[in-house]
Each structure stands twice: as structure tokens, then as C-alpha cells.
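One line per chain: the protein sequences are A and B, in this order.
Under the working numbering, the first residue of the first sequence is numbered 3, with each subsequent residue one higher.
Under the working numbering, the first residue of the second sequence is numbered 3, with each subsequent residue one higher.
Don't take each hint at face value.
If several chains are the same, the list does not tell them apart, and a pair holds so long as it fits within one copy or across any two.
Quick list of in silico lysine-lysine cross-link-like pairs, DSSO-like style, CA-CA up to 27 Å [stated by the list, open to error]:
hint	residue 1	residue 2
1	K238	K290
2	K267	K164
3	K269	K323
Hints listed in this document are in silico derivations from the structure and should not be mistaken for laboratory results.
The structure displayed is predicted, hence computed values, not measured ones.
There are 2 protein chains.
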Amino acid sequence: MNKQHLNIGLFGFGNVGRGLYELLQNVPEANADIVRVCVRNVARHSAATPALNFTSSMEEVLDDPAVNIVVELIDDAEAAYRIVTGALRRRLPVVTGNKKMLARHLPELIHIQKETGTALLYDASACGSIPVIRNLEEYYDNDLQISVKGILNGSSNFILSKIFNDGMPHAEALRLARELGFLESDPTLDLDGWDSLYKLVILTLHAFGVYVDPEKIFTYGITHMTDADILFAREKGRRFKLIGHAEKTPDGRLILAVMPQLISKNKFIYSCEDEFNGVVIKGLFYGKQFLVGRGAGGHPTSSAVLSDISSIRYNYFYRYKRMQSGELPRFTNDISFRVYVRYNTDEDLDLLQFEEISERYYSEDTRYVIGRVNLRRLHAIRHLLSERKIFIAAYPND
Amino acid sequence: MNKQHLNIGLFGFGNVGRGLYELLQNVPEANADIVRVCVRNVARHSAATPALNFTSSMEEVLDDPAVNIVVELIDDAEAAYRIVTGALRRRLPVVTGNKKMLARHLPELIHIQKETGTALLYDASACGSIPVIRNLEEYYDNDLQISVKGILNGSSNFILSKIFNDGMPHAEALRLARELGFLESDPTLDLDGWDSLYKLVILTLHAFGVYVDPEKIFTYGITHMTDADILFAREKGRRFKLIGHAEKTPDGRLILAVMPQLISKNKFIYSCEDEFNGVVIKGLFYGKQFLVGRGAGGHPTSSAVLSDISSIRYNYFYRYKRMQSGELPRFTNDISFRVYVRYNTDEDLDLLQFEEISERYYSEDTRYVIGRVNLRRLHAIRHLLSERKIFIAAYPND
Chain A
3 MNKQHLNIGL
13 FGFGNVGRGL
23 YELLQNVPEA
33 NADIVRVCVR
43 NVARHSAATP
53 ALNFTSSMEE
63 VLDDPAVNIV
73 VELIDDAEAA
83 YRIVTGALRR
93 RLPVVTGNKK
103 MLARHLPELI
113 HIQKETGTAL
123 LYDASACGSI
133 PVIRNLEEYY
143 DNDLQISVKG
153 ILNGSSNFIL
163 SKIFNDGMPH
173 AEALRLAREL
183 GFLESDPTLD
193 LDGWDSLYKL
203 VILTLHAFGV
213 YVDPEKIFTY
223 GITHMTDADI
233 LFAREKGRRF
243 KLIGHAEKTP
253 DGRLILAVMP
263 QLISKNKFIY
273 SCEDEFNGVV
283 IKGLFYGKQF
293 LVGRGAGGHP
303 TSSAVLSDIS
313 SIRYNYFYRY
323 KRMQSGELPR
333 FTNDISFRVY
343 VRYNTDEDLD
353 LLQFEEISER
363 YYSEDTRYVI
373 GRVNLRRLHA
383 IRHLLSERKI
393 FIAAYPND
Chain B
3 MNKQHLNIGL
13 FGFGNVGRGL
23 YELLQNVPEA
33 NADIVRVCVR
43 NVARHSAATP
53 ALNFTSSMEE
63 VLDDPAVNIV
73 VELIDDAEAA
83 YRIVTGALRR
93 RLPVVTGNKK
103 MLARHLPELI
113 HIQKETGTAL
123 LYDASACGSI
133 PVIRNLEEYY
143 DNDLQISVKG
153 ILNGSSNFIL
163 SKIFNDGMPH
173 AEALRLAREL
183 GFLESDPTLD
193 LDGWDSLYKL
203 VILTLHAFGV
213 YVDPEKIFTY
223 GITHMTDADI
233 LFAREKGRRF
243 KLIGHAEKTP
253 DGRLILAVMP
263 QLISKNKFIY
273 SCEDEFNGVV
283 IKGLFYGKQF
293 LVGRGAGGHP
303 TSSAVLSDIS
313 SIRYNYFYRY
323 KRMQSGELPR
333 FTNDISFRVY
343 VRYNTDEDLD
353 LLQFEEISER
363 YYSEDTRYVI
373 GRVNLRRLHA
383 IRHLLSERKI
393 FIAAYPND
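Construct the entire structure; sequences and hints are all you get.
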């Protein structure tokens, strides 16, 4: 469809949808228009943006003969799944930003793409404006991939930055993030690591060719972080960052986790602040690459969406090359690593089944240990950790 | 040539060429072999690497019917130009890392690509392992580009890092960089900014669609930096970085320069150390993007070369889309900006024709001023600045 005008059927008109509309008005070279928009509240949107043609019917958009590309930017993952599969089955290429839907349905969506010969692009789904997926697909695909890790959620990073740099109390940082529109409608998605988890699943598929069910990955956020934890990090000259981590071990196992990590000053990620996302990609030959960009906000994400829209014009599609390579790494949670754990009762400590404890501190106010635990154990007791308000963070030696 | 086996005709077998050879042995999925290598000293290379087929004749490689892709990795820009144009005219796609050759001949090379319908890829030419060109072409191409700037030379950055972080004397840092193989055979290429200049010309073409003759761009390096300058930077809490800078002004002018800059702690580039390159790309909608990766060394660069080789298989070619966009920014040196200048005599100062001086310091040992100068003036007196061993750095307010 090289020279063809793109007629977008858009789903959702929130921050990113509106950002896309504004961006298209600024970039006539994009040669694309929004011809139909599906939203829940037609009356409200029609009043606010009379230039656009709103409807509440999914079919009206998908069956509109004028529409030749679908852009899906809604919150609801299951509705998004119906939209995306409905469009692909009609052989309409799709651009989506719905990480939860992708993380759950990627294997099937890859299958439908092949079956229908229709492209699904979703670079906006992981790390907002940073072209991570594209680069993993097109640029880092010839090297021996070692790891992909980073700050995948802008909202929680914004909160951590405010706490560590401005000494803002936890609650106030949360309030400010909400005010700036950085938090999802359900803030636990950001703060408990679920948003990072979905992105990690997507990145892992493109980096290592392996799809891992999100339910199998240990995921723990910053909700239970307290002033005592912040003090500990400061004393060690480190900062807590919420990190999504995928790493291939030398013996071909694939380790995944989303959890806070104590990051030292000499790491790129230490200085990745505010609503920025930062991803470190490591390969045997190219070494370390670090990519940083805004991970929250309507405009940066809509810019990523437009890049995908534009690539549809050039018949670009993900090739998922890594999935076809000979020996894929085996996903496992069976690995032990050093952690910092702030706990409340001795029972909490038993729960974790430490393999080794190297430091132990308790005072009237706070108790913590540093030691080695098994990731499989953490995954098994995730709910209990949260119920007991235990805070846990990976604590690498360097 | 999707499934076709790639038979590489290679020119040059230095760090990067050897790195490519090793990488290909590690990645059989690349489905590419080096079938012929053109070097100056055939006997030496044949003895060291008997598995490869060496020759000293350019024609023997280009006319070898087995060769279906040419990879050019030699130092000499004029010989590289003959190789690249010779290959393209024979309709052999080319991957090159020769920034000097590209910076001088890009308009003609773009023309030959169109004429012959044959691709020339060169992501390895700018910032080693960082896919800057690819991302400018494919990902940031739909936004309104504001600026591209950064550390484009790994060797000089390595030296600056050693001086600022380890307090190493200038001369010793230089020696260490040479020992580690980070310096070009002619170190002034790195230290006086010429290497950064060539990369800046290439990046500017892809970011703004404008080709600027390297001779028109003010280029000044770190050769004349002394301990007094380092002390000044430290006192201000800043670091000198050698920055290539391209920026579009709101009124549509394009400003280019390569020179040291006093970088404050809150900038991404401040923490980009050692042989790493770091580029900040700014667009109206996506905001700031920061890309970091190794900018010196054989393996990282050969990894970038292999990415390009692999893209040839998928018929990828640069579209130079920005060149076709409606209104291109006009290159000019007519802009004034704040600088720090350490000088020796009053005559030095007159030479610079300051528009305004805001600070002035002199002691028995050192003299400096802070003030505003015009870039056109700096460009005109570049040789005199160097002859008089004047050190000059941009000194932005933030």
C-alpha cells in the first residue's frame, strides 16, 4: 500500500488517541487520516471533537469499506483482543498499544498474522516512545542475545524519582503522579509491576524467541516500600528501581522477573529518572546498549503509534526470527540470587526459606536481612509476601 | 535475495573485519560467508588466517561471480569511494563503515543508489553499535525533528572519562587509549573532532534531510584542553564532552557544530562514559530519546556491520524520506551562543570578537572569559584558535 492514503479506524480516544489525532494534524507527510473512531461515550466525544466521526459499534468501524488500517488504543484487554482479531481476520492491518492483551494472546496473534498474511505492529506497547521491539527485531537479531532489562514503567519510576531525588513522601509522590496523568486508572497495574510484566513478556518473545505465560513470572512492585527501605538504599549509595529482567544463562536457561532492584551509581539505569523508561540490551558482540525515552504520556506514545502506522504503509511486519532459531533457551524459575528483604515477624522470614543469610539487622522499628533466595520459592509465595507487607528487592553485588 | 546465501566480498581485515569474521562463525543463522578478502598485505593475512581467500586486487573481488554483497571496512576514504562506487555500478549491494568517505560523497552515492537500484547501508559508520541511522530513517521519521546531538567519538570520550573520573593526566589517558586500540591511526581524527564531524554530517542528512559539506561546519576538539580547564569544569560541577550538535531553530535554520561542551549533571550525556557513544534525539511529540552503546572496538562495530548485511537480505534500503519533505531547514553558521574560552594573550581575545562578555578571570597562570560569540566567526578563525592553543567550549545555561 506504498503510496496509498491510510484511512484509520481508531478504537479509543484517551490520551494516546487524542495525541495521535494532534500529531497527524502536524505531520501532513504522514498521509493518514482518522476516518472513524469507536468510543464508549459517543455524545461526549462528538461534542468535544466535532471534526471526527464517532461510533460506539466495533463492527461499524471494522466493516467500514473506507477503513484500511485499524489502530487499537483502549484499556480493556479482552475487548482489545476482539477488535484486533476481528480486524486481522478481515485482513486489516492493526497497530495496537495494549500490552496486557498482547502478553496474554501473542502466540495466537502470531498465528493469525501468518494465516491471514496481515501485519500486527505494537512497538508502542513496550516502553512508549523507545523503539525497543523494532530494534530487537531488526538490529540486534544477529548477535547472541544475553539479556534485556530495564525500567519498563514510567509511572512507578516517576514516583521513585520523586522519593529519592526530592525527598517527597511516598503518598505525595503518588498524588503528583496521578495529577499528571501518569498512573493507569488502576494504579496497582503500575505500582505492583503488572504493567512491567506484560512488557517484559513481549520483549522476551522478540529478544529470545520464547513466549512465557505472564502467570509464571515472579512479579513484585513497590507498594510495600517504606522509609526504612529508602534509608537503607541511601546508605548504600543506591536507588530502588522497578526492573523487568530477562536473562539467558550460559547453560541456556531463561530467567525472568519483575521486582525492585537496588541499583548502584555506576549503572546506566541509576540515572534514568522521572517518567522515563530505560532499557539495557546486552549481546555477546555489540556489548551493552542503553535506550532511554519517555514511557508515559499521550504524545510520546502516539508518536510511537504513528511510526507503526507508517511502517504498515511500507508493508513492514515482525518476522519473529528468534522463534525460528535452533536452540531456544528454556524458561525456569529455578535460580537463587541475593535479595534485600524488610520483614515484620520471624514467620515472615521462615516463609522465604533463605538458602543463605549474609546480613541481618533488627531494631525496634525495622528488621531486614540480606541473603540468597530461590526465585521459584518467591513465585510460590507471592501473595503471602504482599499480604504480610514484606518488601523485597534484588541486591546484585555490583 | 531473501533465502539466498550471502557471499561477502570483504575489503579490509583490521579490527572490524576480523570481528565480523569471528561473529559470522558464532552466528550460523546469519547464513553468510566471507568468500574473498582484499587487503594490502596478502602474505601476512594469509599466514594468520589461512581459512580465508585473500587478494590485493579490488577488481578480483568485485568481479568474482560468487560475490553477491560487498563489505567495505578500510581506512582510506578515497580508495573506499572507488570500491563502493565500483560495487554499486556492478549492482552489488554494499555495507560500509567509512564515515569520511560518506560525509564527503553522500549526495553522489544517493544518486548512484537510485540509478542502479542497489542498496548502500552504513549504520556502522555512525556511533558503532548504536542503530542511530536506522532509527532516524524508520522510527523517528514521522515526528517533527528538533535536534540530534551527542558523543559521537568513543576514543575522545574515553580520554575525557579517564581525566574526569580517575584524575588521570591528559598524556597518560592518551597513552592508555592508544594501548587499548581505541585511537585511529591518526589520533587527531578523534581528538580534534574530525571523526565526530563526519558522523554528524551523516546523521544530519538522515535527521533533517539536508546535506552539509563538512568544510562548512565549525569543528574543534580537546587537544588544547589543560588542567586549568578541567579545574574550571569541576568547580562548576560539569564535565567537558566532545559534542556533535545539529539543531533546527524554530524559524527553520539548521545549526551544526562539533566542539567541547560543558555538560551539567542533569543531562543524560553527563553519565555517558568511557568508550561509549551517546546520542540524544529530540522530536516535538516523542520528546527526548537517548541511545547509548559502545562506539569503539572491533566487536561492537562488526555487530552493526552484520545487522546491515542481514538487512540487505531483506532488501532493505534507506529511503532518505526527509530529503523529500516540503520545507527543508537552511544551514547557517549565523548564530551566537555562550562559550567558555581559555586564552593566552589579549590578542587572542580580540580575535574572537565577543558580542558580550559576562565573566572574566585572569591570574598569573590562566585567563578565561565567558561570553557570547558568533559561530560564523569561530568557523572563520578555526586555524588561528588552534595555532594559538586557545581552548573553547560551548557553555549552555542549564
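Against the structure, the hints come out as follows:
In the homo-oligomer, the alpha carbons of K238 and K290 lie at most 27 Å apart inside one protomer (25 Å), although the nearest pairing across protomers, at 30 Å, exceeds that limit. Taking the shortest alpha-carbon separations for K267 and K164, both the intra-copy value of 17 Å and the inter-copy value of 17 Å come in at or below 27 Å. In this homomeric assembly, K269 and K323 never come within 27 Å of each other (Cα to Cα): the closest approach is 30 Å inside a single copy and 36 Å across copies.
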